[in-house]
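Colleague: Here is what each chain is made of, one letter per residue.
Number of protein chains: 8
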Amino acid sequence: MKKILRDYKSGKVSLEEVLQKIKILPYEDLGFAKIDTHRQLRKGCSETIFCKGKTINQVIEIIKQMVKNNTNVLATKADKKIFNRVKKIFPKAQYNELAKTIIIKNQKVKKKKGKILILTAGTSDIPVAEEASVTAEMMGNDVEKVYDVGVAGIHRLFDIKDKIVSSNVIIVVAGMEGALASIVGGLTSKPVIAVPTSVGYGASFKGVAPLLTMLNCCAEGVVVVNIDNGFGAGYFASLINR
Amino acid sequence: MKKILRDYKSGKVSLEEVLQKIKILPYEDLGFAKIDTHRQLRKGCSETIFCKGKTINQVIEIIKQMVKNNTNVLATKADKKIFNRVKKIFPKAQYNELAKTIIIKNQKVKKKKGKILILTAGTSDIPVAEEASVTAEMMGNDVEKVYDVGVAGIHRLFDIKDKIVSSNVIIVVAGMEGALASIVGGLTSKPVIAVPTSVGYGASFKGVAPLLTMLNCCAEGVVVVNIDNGFGAGYFASLINR
Amino acid sequence: MKKILRDYKSGKVSLEEVLQKIKILPYEDLGFAKIDTHRQLRKGCSETIFCKGKTINQVIEIIKQMVKNNTNVLATKADKKIFNRVKKIFPKAQYNELAKTIIIKNQKVKKKKGKILILTAGTSDIPVAEEASVTAEMMGNDVEKVYDVGVAGIHRLFDIKDKIVSSNVIIVVAGMEGALASIVGGLTSKPVIAVPTSVGYGASFKGVAPLLTMLNCCAEGVVVVNIDNGFGAGYFASLINR
Amino acid sequence: MKKILRDYKSGKVSLEEVLQKIKILPYEDLGFAKIDTHRQLRKGCSETIFCKGKTINQVIEIIKQMVKNNTNVLATKADKKIFNRVKKIFPKAQYNELAKTIIIKNQKVKKKKGKILILTAGTSDIPVAEEASVTAEMMGNDVEKVYDVGVAGIHRLFDIKDKIVSSNVIIVVAGMEGALASIVGGLTSKPVIAVPTSVGYGASFKGVAPLLTMLNCCAEGVVVVNIDNGFGAGYFASLINR
Amino acid sequence: MKKILRDYKSGKVSLEEVLQKIKILPYEDLGFAKIDTHRQLRKGCSETIFCKGKTINQVIEIIKQMVKNNTNVLATKADKKIFNRVKKIFPKAQYNELAKTIIIKNQKVKKKKGKILILTAGTSDIPVAEEASVTAEMMGNDVEKVYDVGVAGIHRLFDIKDKIVSSNVIIVVAGMEGALASIVGGLTSKPVIAVPTSVGYGASFKGVAPLLTMLNCCAEGVVVVNIDNGFGAGYFASLINR
Amino acid sequence: MKKILRDYKSGKVSLEEVLQKIKILPYEDLGFAKIDTHRQLRKGCSETIFCKGKTINQVIEIIKQMVKNNTNVLATKADKKIFNRVKKIFPKAQYNELAKTIIIKNQKVKKKKGKILILTAGTSDIPVAEEASVTAEMMGNDVEKVYDVGVAGIHRLFDIKDKIVSSNVIIVVAGMEGALASIVGGLTSKPVIAVPTSVGYGASFKGVAPLLTMLNCCAEGVVVVNIDNGFGAGYFASLINR
Amino acid sequence: MKKILRDYKSGKVSLEEVLQKIKILPYEDLGFAKIDTHRQLRKGCSETIFCKGKTINQVIEIIKQMVKNNTNVLATKADKKIFNRVKKIFPKAQYNELAKTIIIKNQKVKKKKGKILILTAGTSDIPVAEEASVTAEMMGNDVEKVYDVGVAGIHRLFDIKDKIVSSNVIIVVAGMEGALASIVGGLTSKPVIAVPTSVGYGASFKGVAPLLTMLNCCAEGVVVVNIDNGFGAGYFASLINR
Amino acid sequence: MKKILRDYKSGKVSLEEVLQKIKILPYEDLGFAKIDTHRQLRKGCSETIFCKGKTINQVIEIIKQMVKNNTNVLATKADKKIFNRVKKIFPKAQYNELAKTIIIKNQKVKKKKGKILILTAGTSDIPVAEEASVTAEMMGNDVEKVYDVGVAGIHRLFDIKDKIVSSNVIIVVAGMEGALASIVGGLTSKPVIAVPTSVGYGASFKGVAPLLTMLNCCAEGVVVVNIDNGFGAGYFASLINR
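Residue numbers (the numbering used here), protein chains in the order written: chain A, 1 to 242; chain B, 1001 to 1242; chain C, 2001 to 2242; chain D, 3001 to 3242; chain E, 4001 to 4242; chain F, 5001 to 5242; chain G, 6001 to 6242; chain H, 7001 to 7242.
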């Protein structure tokens, strides 16, 4: 921006050209908060591609553009078929089969100091936890994962109290009744991000049961993201990780 | 029954009279399980009057008939107005203002050996717990109550582990997210009866949230009754208390 | 505990060591009810593996660990493909195709005295009933099964009144409108565990209709578990079977 | 119609007048089934006024017009306040306090031969049953009512089997779990009209539970009307009563 | 019964034997309406097999038993695969591919006089209408079908007013918004049975939209059956067809 | 903008000042459509005050500001109590008791040529229709209202076909099953705005039933607004009225 | 009509014949708006075939009849398989793979002056937008499409303000949270037709989330059609495009 | 702890006394994270009393105990009646009538550096925003509030971009369609806590609409708390405010 204005002053560009520039200028230059986001993103996490509902070609086109800009790529809810196509074109692409994420690292990301702890209630919640983990790691976070510490065997949770104490942010991923978020929320003063999963059957209604559980959490310090939204949890955790 | 048949054989009653008797005979005599229920009820818990939706006069008429039969009376969801009317006619009537129950004791009930433990997650769940308590006590059970041990301060729950160990059946009453049932279910091998309450606001949807939580409980040994159904929990607890 | 403290007093261990010991002390040593649960489980029913949402490899790893500990294995919601893999590794594994359960018996289980009666409303409810049956039998219960006694032909139910009278606990499995639980609850003073199933179509909403029916059951002595949760019903029935 | 055309031919009325007549002719004359309805209504049941959401003045204006036409009046969901106003103007008006119906009989209605049997599961369902009863009686039907025969004490239902056999149509009014409709449907080959009521609490969701129960009824010969729609049931019962 | 008692009096049977007899007496002897139902069914419509959720072998076993008893067979929700297997064993079996019904006629059914009219709102509702049609025809009814007369072109409906006038019962099958039932109900004084279908998308919620429409129908004389329940509508229509 | 840049070039303002200016530039200067909206509103309809959830003082403060600006005032969902307070301060205020609207006319509004026709299915839908009517009239539209032409007596609707033909836009207000929108949509090529109302009971679920009906409307040319949103319908009708 | 009556007067036709004529007179002759609709349709948009739920043969039969009448054909929700069959018979048929629409143009459609702008929030919403686009173009509208301008990057929306200003009607297609409709509604005084899509996962509940968002839109001038109903939006947009 | 052990070693206390001490030792001493919470709470925010469902006496008893411990008191969802009683006993009690909060400040709270920005979409959302504000201020946060910046007039939001840039955490409170959270989430890289409110009518379903909107938010960095849960949002915001 400064350069444009200096060029204008020095006569290199005309008034009309400056006006035109300002018009097409990315809004970031106009001072929208979006700028920070972009900068943050550029440093922390690249644009994310939500693959569901997009054709493989659309996904590839978006990746191409991002790779051209040398940004890091994170694609979520990407099934194997998409990855196979992507891999052929971008050999650096890496796939996390559980998380169904594709990443292409083109830039180094600055490491954050604090640790993010990701807990799951059961084994079946792992895919969503992995999506959160991949996302947070892409954004420069140190992630620790402890899986299968659900409330049916609450002593397993107490065994990891040191990890709880030593982390900055906690992500709790749980399906079925989702009570783990309440327990963890009651045990710690750290911010807890609760992710309901569609794991379960019958009256879990594809994640509605844990979603409601988590929204009604009587322990303070617990917030909620969409069902199966591991990405959203990982992203938010990174935002508030110091 | 035997007497009728013997009287018939000895000629005291005619064939027609016997046939008629069999027809009007309470179904219990025909061997329906209902008989046991009746007998059980007579010994354990009297017929219960669900007051909601009944006029005061209807409630009083039912009580009159029960008192005439000398059975114990338990009326639930009875507001103060009903009680005041009942009290005038049946001075022995007792009211539990929190539980909104009226009881009239006309017979002694045989005491059961085992103890029923009733827990609530919060203070606001107490009315439903009291309904369960009144019901179970009417049926001859020894009831212990510990209120406000919700998961937001889980150490309060651990403080009462002795009570958990020493009871036969546990009733967990919880609104909001209802996670207490899962925790208790995970801590004990005793049968747990979970009662969701309509306590809470917003996405608790008048008890739907804890209901779903409890139905999806990943700890074994937990069953569920209707929202705010303290009576049902107390009754079932008595059935399985040894 | 006493020993540690005595050792400390006698100077065998330092203050720091004692403090450390108290910190890492297994929670069981603090007397949590969980211990009893474990012991109970070891005698009654082995750990259960809920297969849905787990990869085949995860299931096999869990079984391996359990077999190493010589415990009995019960895996639910296991489709044929899982069983085929399991069977190759654990030739003792048995499959109940209707129930979709895998069991591996490594220990003898002590038989209980009382009988558990399992009823279904229709033929399509049998898979869930079989899951309940397999579970209860694994825990040492004598199980009797009567299928297809739904309310559309209520005389079929009355034909089995002897079985109802002679059992300790009754499990009622019903889809569609789920009214069978109410009828059985009205006929008997035995505890009834109602299992709604996702059998039906249209306004049964995959089990919501019978779930609501059963929760609103106006007969006393009926509790409810999750839709299609045969395992939970069988487990609870075993807990309260004398 | 014939008269108009003959008058036109004979010159008594002009072409324009005939065209005008045809235009404003009640659609009944064009042969729509609606005519029969009107005639049927005139003989069987007068127009019905659904009071809820109408101002008292609106209700009174409608009644005035009907009384002027000498038709019978049936107003439903009418609270006492409305009746008091109506009574002052139409002294012949009669109120059924339970049913919340107002009727004014201006014409004799032809009696039907068959009998309609109205059953309720509980005492609290009576208001809806009374609305059905008032409606059916207004339309010339012989109505028999048996209240409080719910499935919790199914023997009460068997005591009335003669009434079931001797009636033409059966209306079953039930709240809570609504299972009575299924039982009655299973016991009889008579058409059964099921009316769910909003009686109950918690997971009855103001009538949703019995509504779903009744829609999923596995007994044949059962149809359903809206929650608390006693009028609709009484009306339909009259239509099919012979 | 009389004989038993006389034998007892004359000493042929002991007191214990009489008591035992009374206990096991078939309920039919007590005169339950169920008997009449059976007789009615034998004359009108054979037992119906709901195929969904049953294995092919279960379906075939049930058919075998029915054929042995020489009753007519109606199987609903039967896909082609089931039919192919059935056809091999019972060559007389007929399949209605749209209705997904299998019928085997072993007895002649007495024809009823009145006509049942079946209307659908759209082309996609035809399968459910065909199920109703097959059912009603199996029970001896004369069925007339008019498809695709939905409210978007209401004149099509008026074109068939003669058919409406000449029928005894009308079945309206409609998905999407289900308004056809209201229109037909407003046009005729004949009993209307409304069948919501799961046809539609988005906010039709698999039939919930037309179900609610039909339940709230402001025209009198309309009752409702479950979503896609063509069988239930056809059966009920036959019951009330004169 | 040009001025700023020229000042910068001429040295009147520094580089930093230009950058700052660009940052805070009001968006209106960028020509967003919002401006047009404001102008449109000034000519057509004044700002609207949704009273529900606002304190009386808040409502009055907003009105004061509007009156100071000499704009017309429309307040919706305003109960009598609010109006009484408003009337004291603004004697020109007018109240429509059915619509629960307050209007204060400070400017003349230009009349539109086309006519908006507002239909209701029943008498109870009138309040919502009146809200639509008041709104449309405030915006300069000629409004014609025909109430109580629901589908239960469809001939009433045909009687007003001339009004349908002569109007530009049609608003259909209907509760219960909401079928009127479908019928009108099928009869006309005019744009139809459907307004579901919370009129009804039971399975109308406070307007959900007609909302779904209208969303699934199989007649083309029908759009929907929120339950009871007469204002929204009147506003949109005015937008598309020519 | 006049002719018939004159013929009758002059004796050419009998009284019975006149009566018969009046009965069968096409409703169009009575002046129903439906006629206009037909004419409008013939000029603007041909009949539309909703393929879902129809067999391929049914679709082809309908197309045949339409082609015979020389009208334009629009078939929606048509998968590739249907198109392939149609293409063989009607070589002029064109397929929009994203929109899943088949069109056959047999007549020229008169062009409208105004422009319809179609916006989508994301890439995955494009299929529904394309359905709207194809529909509007078939009806003679000039359509402009801008995809992927969702609220996550709101500056993209501001870049197209010129397009917003220069269009007559705006269709907003959005899944997930559907907030785009509110933003656009707040920015413009043009009528906005909001189309929720089933794009998303978890708590989007297949389009329920954006549907509710759009119905509750606090910006005036926004109406809603069914989830994924691109056709309905395109059709309505054409109706109100000048 | 160390002191106890040293006293034991030195013989001041017996072995039994030490064992007893360890048993009753607050769990905090065992190293549970709960300790930190308590300490944090003591410094930041006192225990919170959720008044709904509690009797006035219960509220007062809790306050008494807290005041005795000299902690700060925050009571939420407290209506005026409760405050009046509290005020008499605790003259220092302050009431926020909009927020319905009671606070009693007994200790100074350490101020945090960062600012929390609270936005509401409309005037009716203010009570929930005030609850968040009171909570955050009690915990030592600098709170800035900007009300009524909903998406219907999105320029109002852009006017406050400086406030957005200068705050650390943003709380967005919105009812109706709740789109504001998406917009703010799209504009900023700051963590956004979205609070749906029950403001609205019809299809807002008491807050379900904005809840779903916010859960499906396509902008990253947005998390959600329960409907109307201003307290939870304020508390979480304080946790992550630096």
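It should be emphasised that the hints constitute simulated quantities derived from the structure, not laboratory data. Errors might be hidden in some of the hints.
[Claimed, not checked] With a straight-line Cα cutoff of 27 Å, these simulated DSSO-like cross-link-like pairs (lysine-lysine) come out: (1) 7088/H <-> 7064/H; (2) 5115/F <-> 6064/G; (3) 2145/C <-> 4206/E; (4) 6080/G <-> 6092/G; (5) 5087/F <-> 5108/F; (6) 5087/F <-> 5110/F; (7) 4206/E <-> 6081/G; (8) 1112/B <-> 2113/C; (9) 7088/H <-> 1145/B; (10) 1052/B <-> 3052/D; (11) 6115/G <-> 4145/E; (12) 3081/D <-> 1080/B.
Colleague: Taking the hints in turn, state whether each one holds.
Modeller: Hints versus structure:
1. 7088/H <-> 7064/H: Distance of about 12 Å is within 27 Å: holds.
2. 5115/F <-> 6064/G: Answer violated: residue 5115/F to residue 6064/G is near 40 Å, above 27 Å.
3. 2145/C <-> 4206/E: 35 Å, violated
4. 6080/G <-> 6092/G: Distance ~16 Å between residue 6080/G and residue 6092/G Cα, so the pair holds.
5. 5087/F <-> 5108/F: This hinted pair holds, its Cα atoms lying about 20 Å apart.
6. 5087/F <-> 5110/F: It holds: about 26 Å lies between the C-alpha atoms, which stays within 27 Å.
7. 4206/E <-> 6081/G: 24 Å, holds
8. 1112/B <-> 2113/C: Holds, at roughly 21 Å.
9. 7088/H <-> 1145/B: 32 Å, violated
10. 1052/B <-> 3052/D: 23 Å, holds
11. 6115/G <-> 4145/E: 45 Å, violated
12. 3081/D <-> 1080/B: 26 Å, holds
In this structure, the hints that do not hold are numbers 2, 3, 9, 11, in rising order.
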